[in-house]
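Visitor: Sequence:
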Amino acid sequence: MPMRLTPSALFLKILFLKSCLTAFLLASASLANAQATSWQYCANENNTCTFSGAKLVRYGAGTVWTQRLQINSVSCNNATFGDPLPGTYKRCEIAEPQWTTCANENQTCTFSGKKIVRYGADTRWRQGEFTNQVECRNSVFGDPAVGTFKSCQIANGVNDTTAPTPPTNLRLSNLTCTSATLSWNAATDDIAVSAYDVYHDGQFMVNVDGTKLSAALTLEPGANWGLYVNAVDAAGNVSQASTTLQVGVPQCETDVTPPTTPTNVEGAATGTSITLSWTASTDNVQVTGYDIYRNNAKVGTTPDLTYVDSGLTANTTYQYSIAARDGQENVSARSANISVTTGSVCSSPVCSVEQVTTDTDIPWGLVALPDGSILYSRRDAHDIIRLHDGVKTTVGTVPNVESTDGEGGLLGLAVTQDFPADDPWLYIFHTSATDNRVVRIQYINDELDLSTQEVLLTGILRNKFHDGGRLRFGPDGKLYVATGDAQAANSAQDINSLNGKILRMNPDGSVPSDNPFSNYVWTYGHRNPQGLAFDSSGRLWQQEFGDGSLDETNLLEKGGNYGWPICEGTLSKSGSGCATPGFIAPRKTYRTADASCSGIAILEDVLYIACLRGNRVYRHDINGSDLTNSQQLFVGTYGRIRTVEPSIEGDLWMTTSNNGDKDSTPNNSNEEIFKVYLNR
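Under the numbering used here, the first residue of the sequence shown is numbered 4, with each subsequent residue one higher.
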């Protein structure tokens, strides 16, 4: 017999069924709304999807997609989105994002992480990508709706901006003279780790899938490398680097046989420079270099068969000898001395070199002041020094600087031509705990007034290496900023990213109205630029580290694309490589083994390039858009050269980075600052 419900029980059951029906209808409506997003085809895999303003872009096929917010364009490929469907041909589709008001005009829009923010009213907007906050003002965005009260709005959509945590517990196994296995503990991510990139000392080695926690490495016999790993997610966010694991690679076999002694050593004087040449030595394995001795003291090292000794004293006789060495530091006997006498006047580019001071930290940025003194930053100690007549004085420690156990820290300095009398601002590029940034602090009475500090630009990604950092004011009164790709190579091709760029800003930190993309970006497609200088025609030259093959010197054009990571110098890396339409070729390239150059300076349309790994300074005449009459100065004489800057008299300041260059330990260096007197 069926159970009969009491009136009260029946009422409760009706209420329960009604609530279930309501929940079902709401869920159906929600699903309908989710599916109602109007997706439109934009581009096939390995093509570019272009549009206007901010859009939701998804990449994939069928029901499997990776989605993110983009501005104006995006490359539809696995490098940008990750691979949601391995082995399947994919496409990009776009849809309109939803916008949420975050602040009114002349207020601050605050949020967490990186967001796309637009500023304006009704249908008139300007937008960009910002980190944590942005001022809703005409000075930041321009005025898209003149005479109308405006607001800031944030685009809402699936846009992963959270980087994975760093991998941990690096360990090495199966070490031989040419190979090893590197293992690590997994990184974590808010969605998933899609890949791991393995590096040594800033140089990319290998990429492995995010499901793997080890990699087979190819090593060089006798190398001393610092290995580390970055984690990457599908949106392209790159973690901070793991702790560095130092490895000393053994030689494949012990070699105790030195090379033969160099022969036929000859020398010729040109003014106060002497050019030496000799016949090559032989070795049972390979000769790797030659040591040059002047008056029995080692003054240089070169892999070549010639050497120019510059900046000598006039009318003076010098004794020279040469020794050869191999890859295991076996050194030959020295050649017999030869005598060479300098001329009576300086007729070479360099007349003399004076060591002005030494420092226990790494001098990085440097500016010359009208009284003949200089200010320079100490990268790992985070303070700024005034050097005047050989006397050093600390003028202040810059707040909120943090290093990266690599190349980050207190980096570039810049001042305007009116500094300090009529413009007391000192402009500074430094790494913080969360990013790289540009700040300015007033320099008053030979001290930094820290109470005046203004943060001009934040959100430049940081990492162990590839932090860029050079600053330079142009003849147009704008500040130019060199930023590295922070080991997120694809950021260099993203014009909405601050990384892998030369940025251009007004002295107050606002975006100039004539910038090419209505944001800070001036040029893009850079890996790790650290040299900026203007010639007499007001053109900007730039120096950039290569990835292991070619460094490059570029002549920059407004809005120009210089190719990284698709092109390295003139070496194609992926896709159409250096033949990609729109890429601008460098004016000069160099093997990284002979270069790895950082700072540059231009004096009377002569370009000087300071090189670290190459242990030298390149000198080029600027002839139109070409670099001619190229020379190499100080090869192996002073070691790794970091910075060159014009002195107020028209000579050259020069600094070294010989010790502690790959760590962030303060005061563990032994560096030198030189004054190079030129033939003017």
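FYI, nobody ran anything at the bench for these hints, they're computed from the structure.
What you are looking at is a predicted structure, and each value in this text was computed from that prediction instead of being measured.
Possibly wrong hints are sitting among the right ones.
Capping the alpha-carbon separation at 25 Å, the derived lysine to any residue pairs in SDA-like fashion look like this [unchecked claim]:
#  : residue 1 : residue 2
1  : Lys481    : Ser376
2  : Lys301    : Glu607
3  : Lys561    : Ser55
4  : Lys678    : Gly663
5  : Lys678    : Val268
6  : Lys301    : Leu248
7  : Lys301    : Thr247
8  : Lys678    : Val394
9  : Lys665    : Ser552
10 : Lys665    : Pro373
11 : Lys481    : Pro147
12 : Lys576    : Asn80
13 : Lys215    : Asn267
14 : Lys678    : Ala336
15 : Lys576    : Ser516
16 : Lys395    : Gly663
17 : Lys576    : Asp608
Visitor: Is the hinted pair Lys678 and Val394 satisfied, with a Cα-Cα distance of at most 25 Å?
Guide: Cα-Cα ~14 Å, so holds.
Visitor: Are the Cα positions of Lys576 and Ser516 separated by 25 Å at most?
Guide: Measuring from Cα to Cα gives roughly 35 Å; hence the hint is violated.
Visitor: Given the hinted pair Lys481 and Ser376, is their Cα-Cα distance within 25 Å?
Guide: Between Lys481 and Ser376 the Cα gap is close to 24 Å, so the pair holds against 25 Å.
Visitor: With a cut-off of 25 Å on the C-alpha distance, tell me whether Lys215 and Asn267 pass.
Guide: 56 Å, violated
Visitor: Lys678 and Gly663: Cα distance at most 25 Å?
Guide: The hint holds at about 23 Å.
Visitor: Verify the proposed pairing of Lys576 with Asn80, using a straight-line Cα cut of 25 Å.
Guide: 15 Å, holds
Visitor: Does Lys301 pair with Thr247 here, judged by a C-alpha cut-off of 25 Å?
Guide: 33 Å, violated
Visitor: Does Val268 lie within 25 Å of Lys678 when you go C-alpha to C-alpha?
Guide: 30 Å, violated
Visitor: Verify the proposed pairing of Lys301 with Glu607, using a straight-line Cα cut of 25 Å.
Guide: Not OK: Lys301 and Glu607 at ~32 Å, beyond 25 Å, violated.
Visitor: Does Ala336 lie within 25 Å of Lys678 when you go C-alpha to C-alpha?
Guide: 34 Å, violated
Visitor: Are Lys481 and Pro147 close enough, with their CA atoms no more than 25 Å apart?
Guide: The hint holds at about 23 Å.
Visitor: Does Lys576 pair with Asp608 here, judged by a C-alpha cut-off of 25 Å?
Guide: 33 Å, violated
Consistency note: the structure conflicts with the earlier hints numbered 2, 5, 6, 7, 10, 13, 14, 15, 17.
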